[in-house]
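2 protein chains.
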Amino acid sequence: MKNETKTIALDDLAVGDRYLSREFPLDTAKIKDFARSFDPQPFHLDEGVAAQSFFGGLAASGWHTAAITMRLMVESVPFADGLIGAGVEISWPRPTRPGDVLRAESAITGIVPSRSRPDRGIVTLQTDTFNQNGEPVQKLVSKLLVFRRAAD
Amino acid sequence: MKNETKTIALDDLAVGDRYLSREFPLDTAKIKDFARSFDPQPFHLDEGVAAQSFFGGLAASGWHTAAITMRLMVESVPFADGLIGAGVEISWPRPTRPGDVLRAESAITGIVPSRSRPDRGIVTLQTDTFNQNGEPVQKLVSKLLVFRRAAD
Chain A
122 MKNETKTIAL DDLAVGDRYL SREFPLDTAK IKDFARSFDP QPFHLDEGVA AQSFFGGLAA
182 SGWHTAAITM RLMVESVPFA DGLIGAGVEI SWPRPTRPGD VLRAESAITG IVPSRSRPDR
242 GIVTLQTDTF NQNGEPVQKL VSKLLVFRRA AD
Chain B
122 MKNETKTIAL DDLAVGDRYL SREFPLDTAK IKDFARSFDP QPFHLDEGVA AQSFFGGLAA
182 SGWHTAAITM RLMVESVPFA DGLIGAGVEI SWPRPTRPGD VLRAESAITG IVPSRSRPDR
242 GIVTLQTDTF NQNGEPVQKL VSKLLVFRRA AD
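For the record, the sequence lines run as chains A and B. Number 244 in the working numbering belongs to position 123 of the first sequence; there are no gaps in the numbering. Number 273 in the working numbering belongs to position 152 of the second sequence; there are no gaps in the numbering.
Hint data in this document are derived by calculation from the structure and do not stem from the laboratory. It is possible that part of the hints are untrue.
[As the list claims (entries may be wrong)] Listed next, with one range per pair, are the computed distances between beta-carbon atoms: (1) 245(A) with 260(B): 17 to 25 Å; (2) 207(B) with 161(A): 37 to 45 Å; (3) 270(B) with 238(A): 17 to 25 Å.
[What the hints assert, rightly or not] With a straight-line Cα cutoff of 30 Å, these simulated DSS-like cross-link-like pairs (lysine-lysine) come out: (4) 260(B) with 260(A); (5) 264(B) with 153(A); (6) 264(A) with 153(B); (7) 153(A) with 260(B); (8) 264(B) with 151(A); (9) 264(A) with 151(B); (10) 260(B) with 264(A); (11) 151(B) with 260(A); (12) 151(A) with 260(B); (13) 264(B) with 260(A); (14) 153(B) with 151(A); (15) 151(A) with 151(B); (16) 151(B) with 153(A).
C-beta atoms are modelled at their ideal positions from N, C-alpha and C, and glycine is treated no differently.
Hey, can you work out the whole structure from these sequences and the hints?
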């Protein structure tokens, strides 16, 4: 488990390194606020409609779950130059609900140094987001651009 | 180009169907608001730090670009039961900047009826998000759960 301040460079990383986030409590107001701005579908905004929908009750937008997960990653993954994503894959195995308390577990599953640019590499980070019951609500695989420590 | 109201079911879809969104103007305040909530990294929050970063200037969080794209998809892709994502792949070929005007072009690239549940299928939707110069800022491939028209 890494717990340093944000001075971690590509040189310091190894496959298997893991990072645990804090907990993030979610409520109905936050779910509806996000949905109003970015995903205004009835099953994210209206309890009555949501109960009759595929979700069987109010559910957070998957993009809200993703955004919360990013917040938790920024706080818990201490790469010196930040989290710069080239691309991601996401799946949402179950809905995120009002009252859920989310946390994110990240693990490095790959490190590929750039052949053309020796100052950098691509790190594959797998981040699973869990609710308070330990059930996964999102699985994220990120390709992150990470730099080596400056030579000076 | 589809332009109906939201009564489109799985039965009505064909590979090649396309949907164009309206334009969404982005500014510095929106970029910083989103970043403060969900991606509080200096290159999304501070022009001075951003100028010295990999991004060479203030850039929107990729998750902000994704959330805006979802908003544009909800408005432009008229599936009757909504946009229910099972999973997505995203890449961000270039940053989104203050002053950018985004639009999203979606196209159906695959339709796979469920073998176990005849009332539904998985539709692959490819959504490219462009800035005002026609440059892609995000490429999104979504696997969406779409239902057939109810038999009654």
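Against the structure, the hints come out as follows:
1. 245(A) with 260(B): 17 to 25 Å: holds (19 Å)
2. 207(B) with 161(A): 37 to 45 Å: violated (20 Å)
3. 270(B) with 238(A): 17 to 25 Å: Given about 52 Å between the Cβ atoms, the range is violated.
4. 260(B) with 260(A): holds (19 Å)
5. 264(B) with 153(A): holds (24 Å)
6. 264(A) with 153(B): holds (24 Å)
7. 153(A) with 260(B): holds (26 Å)
8. 264(B) with 151(A): Holds. Residue 264(B) to residue 151(A) sits at ~26 Å (cutoff 30 Å).
9. 264(A) with 151(B): Cα-Cα ~26 Å, so holds.
10. 260(B) with 264(A): holds (14 Å)
11. 151(B) with 260(A): With a Cα-Cα distance of about 27 Å, the restraint between residue 151(B) and residue 260(A) holds, given a limit of 30 Å.
12. 151(A) with 260(B): Cα-Cα ~27 Å, so holds.
13. 264(B) with 260(A): holds (14 Å)
14. 153(B) with 151(A): holds (18 Å)
15. 151(A) with 151(B): holds (17 Å)
16. 151(B) with 153(A): This hinted pair holds, its Cα atoms lying about 18 Å apart.
Hints 2, 3, counting from the list given before, are not met by this structure.
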